[in-house]
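For the record, the sequence lines run as chains A and B. Numbering of the first sequence is given in my numbering, commencing with residue -7 and proceeding in unit increments. Numbering of the second sequence is given in my numbering, commencing with residue 407 and proceeding in unit increments.
Where hints are given, some of them may not hold.
Claimed, not checked - Restraint-style ranges between C-beta atoms, simulated for each label pair:
(1) B:Arg877 with A:Val33: 51 to 59 Å
(2) A:Val22 with B:Gly651: 31 to 39 Å
(3) A:Val98 with B:Gly656: 50 to 58 Å
(4) A:Leu61 with B:Arg959: 55 to 63 Å
What the hints assert, rightly or not - Calculated cross-link-like contacts (lysine to any residue; reagent style SDA-like; alpha-carbon spacing at most 20 Å):
(5) B:Lys525 with A:Met134
(6) B:Lys601 with A:Pro(-4)
(7) A:Lys103 with A:Gly151
(8) B:Lys525 with A:Gly151
(9) B:Lys921 with B:Thr939
(10) A:Lys110 with A:Met154
(11) B:Lys601 with A:Asn(-2)
(12) A:Lys86 with A:Val143
(13) B:Lys525 with A:Lys103
As the list claims (entries may be wrong) - From chain A, some residues computed to sit far from chain B (all C-beta separations above 10 Å):
(14) Arg2
(15) Ala31
(16) Val53
(17) Val68
(18) Phe94
(19) Val98
(20) His113
(21) Pro117
(22) Thr163
(23) Leu190
Calculated directly from the structure, the hints in this document are not laboratory data. Just so you know, even glycine gets a beta-carbon here, dropped at the ideal spot from N, CA and C.
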Amino acid sequence: MEIPYNVEERQDTGMFNAKLGIWLFLASEVMLFGGLFSAYVFLRMGDVTGTFISGSSELNVPLATLNTLVLISSSVTMIMSWVSLKLGEQKKFKQYLGSTLFLATVFLVVKYFEYTAKFHHGIFPDTSTFFAIYFTMTGLHMIHIIGGMVVIFYFLVPGSSMMNTESVRFTNRIEIVGLYWHFVDLVWIFLFPVLYLL
Amino acid sequence: MSGHTETHQEESFWRKYIFSIDHKIIGLQYGLTALVFLFFGFCLMMMMRWQLAYPEQPMPWFGWLFGESGIMLPEMYNSLGAMHGTIMIFLGVVPLAVGAFGNYFVPLQIGAPDMAFPKLNMASYWCYFAGGIVMMVGFFVPGGAANSGWTSYPPLADIATTGQTVWLFGMVLLITSSLLGSINTITTIIQLRAKGLTWMRLPFFVWAQLVTGFLLLLAFPPLEAAGVLQLMDRLLGTSFFLPSGLVVSGEILNVSGGGSPLLWQHMFWFLAHPEVYVLILPAMGIVAEVLANNTRKPLWGYKSIVYASTFLGFMSFIVWAHHMFMTGMGATISAFFQTTTMIISVPSVVILTAMFISLWGASIRYNSAMLFALGFLPMFGIGGLTGLPLGIAASDIHLHDTYYVIGHFHYVVAPGTIFALFAGIYYWFPKMTGKVLNETLGKIHFWLSMIFINGIFMPMFVQGLAGISRRLWDGGASYAHATETLWLNEVMSASAWLLGLAQIPFIYNLIKSMKSGEKAESNHWQATTLEWTDAPSPPLPHRNFEIIPEVYRGPYEYSVPSADKDFTPQSEA
C-alpha cells in the first residue's frame, strides 16, 4: 500500500501530507497557548492586589533576554540546516542541526538557573497567581523544547541514514521539524514580553 | 511504506487485528470499544434512575455495589452522574461517530487507500483506549470516580477527591487522541481525494467529518490548557480557579488565592460548545447518506447544507458563554452570546429543513437504517427547538440547571445522534462485514427504542418547567413545589430500563448476522458513493480498492431521467 502524496506534492494543494499535518498541529498549538495567554489576561484583569506587577519585577530580565537571543539563533541554524540539505551539503547540514541542538541545551541550562534561583528565594507555583501562570507557561514551553530536541537528536544520529536512502523524504522531515521549532521559538517571543516586561 | 507491503505477506494476528494500521480495522476497534462504553455509560444511568424513582431504597440485584445496605449514597450518585456524562460523550458517542464511522468511511468515500497517516491513526486509537482505562481506574481510587459533574466546575472540582485527578489525566489522553485523529481526518480529506472528486462532489458525510475535524482540532486545546491549570491547582497548590478567602468546611482555605472559578467555565465551554456540534454534525452526515439512498432522489439543497454546516462550525466558536448566563458575567456579554446563539440556530434549521424537503415526493424504502434516519429528524427537531428558550438569557434564568436542560440536550444527543449512529450501523454493516442485518429485528429495535426513549426524555421537560434541579440525589423529593410532577420519575425510570431491554434484539442481531447472516452484495443498497460502487464488501485489506476509482459526478445522482437505472455511480463516466 502506497499512500499518495506522502513524499511528493499534490498539485492542487501544493503540499505533501505531512506538511499540511504539521500546520494543522501548529494551529492546535496556537489554540493551546492562546488558551493560556487568555487565562493570563483574565487573571491579570482580576488582579486587584497587584501580584502580577510585583511578581514580574522579580524575574531576571537579562537572563531571559539572553535566552531569547539563544532561541532566535537556534531558529536560524535550524533553517540553515534545511537549506544545506536542499543544496546537498550533508556535512553542513549536520553542523547546523547540531548547533540547533546545542543552543536548545543552552536555553534549558539558563532556564534551569532561573528556576533554581526562584526556588532558593522560596518562590514556587503556589506563591501567587502570577508565579503559578509563570511556571505553568514556561514549563509547558520547556516541555515543547525538550520534545523538539528529542526529534532533532533522532534526525541527527539514529535517523540520519535516511538522508542517503530517501533524500527527498528526509529533507521533508527536516522542513517539518523546522516548522515546529520556529513555532516553539515564536511562543517564547510572546512569553518573554508578557511575563518579564509587562 | 515502500514496495514490500505489496507482496501480500500473511500478517500476524497482533499486527492484523490489535496493532493494525489499516483504517478499517482501527475503525472497527473504535466502534466496538465505543459501543462497550456506550453500554457501560447507559448502565450507570439505569442505576441512577433507580435512586431517582425510589430514593433511599435498596437497589434490587445490584445493591451489593453500594455496600451492605444496598442504598446508593449521594457521593456515589454524584460520581455516577459525572462519569455517565464523561463516558457517553468522550468515550462513547464521539469515538463512535468520528473514530469509527469517520475512520472507516472517509477514506472509502473519497477513494483513498487509507488515512494519510496510518501510524498516527493507530496511536490515536491507543491513546483513546488508554484514556478509557484511566477513566475506569477512577472508580477504584479512594473517594470513588470524579464526582463534580462532567463539567468539573471549580472550586468544587479543585477540592474534590482523588478521582478528579484521575479524570483530568484521562481527559489529557482523550484530548491527545482526538488531536491526532482530527489532524489525520482533515489531511486525508484535503490531500487524498480521488481524481475528479472536487469539493462539491464530496458526499455530505465527508463534509460533516471535515468540519468536525476542525472543531476537534481547534476547540479541544483550550480545554487541555484548562485541564493543566486544574491539575496545577490540585497537585501543586496553585490558585488558578480559587478566589481569595474561599471558605471550605468552615475554614478559610490556605492558598494564595486571586484565581477565578469563572475562568474554568470560559475555558471549558470554549471546548464544550463546539463539542455539541462534534456530536451532531457526523450524525447529520450519516442521515444525509441514508436519506438520499432510501428516498432514491438527490439530497435537496446539497450546496446549502454544505455551506450551512461550515457556517455552523464557524459560529460554534462564538456561542460558548450561553452556558453561563447565570454566572453574573453581565448583561452586555449575555446579550452578545444570546445574539450569536440565535444566529447559530439558522444553519441548523437550514440543514434540517433541507432533509425534510428531501423526503417530498419520494417513494421511500422503509428499511431499519431509514427508520432510524427518519426518527432522527423530528427528535433532533425537538432537541433543537427546546434549546431556543435556553439560549435567551431571560428565559434561561428559570430553566437553567433544571431537568429541562437535561431533556433538551438528550433529545439532541440520544434520540438524535445515537439514532443516527444506529442508522449508520444498519446502513454500513453490509459493507463492513459482508453480511446483512436482519430487518425484522432491526424494526423491532427501532420502534421499541423510539417509544421508550421518548418515555425517558419527554417528562423531563415537564419536571424542568416545574423547577426540579438536575443534580438532586433524591429526584426532587425534597422540593415542595415539585410534588405534582414526582410521579414522572417512575415513568422515566421504567422507560430507561425498558430501553435497555430494547437493545437486546440489536445486540443479538449484530452477533447472529455476523455469524450466519445473509451474504451482502458489494453494492447492497444500490448506492452511488464510492464505498459501495467500487469496493468489495468488506473492502480489500490495506488498499480498499482493486483500482483507485475516478470520479465524474456528484454524490447523489439518484433517479436521473434518461438513465438506465435509478442510481448513477459517482465513478461512472
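Hint check:
1. Our hint of 51 to 59 Å for Arg877 of chain B and Val33 of chain A is violated, since their Cβ atoms are close to 32 Å apart.
2. Taking 31 to 39 Å as the suggested C-beta distance range, the pair Val22 of chain A and Gly651 of chain B conforms, at roughly 36 Å.
3. At roughly 52 Å, the beta carbons of Val98 of chain A and Gly656 of chain B sit within the given window of 50 to 58 Å.
4. Between Leu61 of chain A and Arg959 of chain B the C-beta distance comes to about 58 Å, which sits within the given range of 55 to 63 Å.
5. For the proposed pair Lys525 of chain B and Met134 of chain A, the alpha carbon gap of about 26 Å is over 20 Å, so the pair is violated.
6. For the given pair, Lys601 of chain B sits about 12 Å from Pro(-4) of chain A by alpha-carbon distance, which is consistent with the 20 Å threshold.
7. Our distance criterion of 20 Å between C-alpha atoms is broken by Lys103 of chain A and Gly151 of chain A, whose separation comes to about 28 Å.
8. Between Lys525 of chain B and Gly151 of chain A the alpha-carbon distance is near 17 Å, which keeps this suggested pair within the 20 Å criterion.
9. Restraint check for Lys921 of chain B and Thr939 of chain B: the C-alpha separation of about 25 Å exceeds 20 Å, so the hint is violated.
10. A distance of roughly 44 Å separates the Cα atoms of Lys110 of chain A and Met154 of chain A; the hinted pair therefore is violated under the 20 Å criterion.
11. With a C-alpha separation of about 16 Å, the suggested pairing of Lys601 of chain B with Asn(-2) of chain A holds against the 20 Å cut-off.
12. Proximity of Lys86 of chain A to Val143 of chain A is assessed by CA-CA distance (about 14 Å); at most 20 Å being required, the pair is judged to hold.
13. Between Lys525 of chain B and Lys103 of chain A, the direct Cα distance comes to roughly 34 Å. Violation of the 20 Å bound is thereby established for this hinted pair.
14. The Cβ of Arg2 of chain A does not lie farther than 10 Å from every Cβ of chain B; its closest approach is about 6 Å, which violates its non-interface assignment.
15. Its closest Cβ contact with chain B, about 6 Å, brings Ala31 of chain A to no more than 10 Å, contrary to its assignment away from the interface.
16. Interface exclusion of Val53 of chain A from chain B stands, the closest Cβ pair being 23 Å apart, more than 10 Å.
17. Every Cβ of chain B is farther than 10 Å from the Cβ of Val68 of chain A; the closest lies at roughly 28 Å, confirming the non-interface assignment.
18. The claim that Phe94 of chain A is not at the interface with chain B holds, since no C-beta of that chain comes within 10 Å of its own (minimum 29 Å).
19. Separation of Val98 of chain A from chain B is adequate, the least Cβ-Cβ distance of about 26 Å exceeding the 10 Å criterion.
20. With a least beta-carbon separation of about 16 Å from chain B, His113 of chain A lies farther than 10 Å from that chain, consistent with its non-interface assignment.
21. In this structure Pro117 of chain A is not separated from chain B by more than 10 Å, as the shortest Cβ-Cβ distance comes to only about 5 Å.
22. The claim that Thr163 of chain A lies off the interface holds: its Cβ sits roughly 17 Å from the closest Cβ of chain B, which is beyond the 10 Å cut-off.
23. For Leu190 of chain A, the requirement that its beta carbon stay farther than 10 Å from each beta carbon of chain B is met, with the minimum near 17 Å.
Against the hints set out earlier in the document, violations occur for numbers 1, 5, 7, 9, 10, 13, 14, 15, 21.
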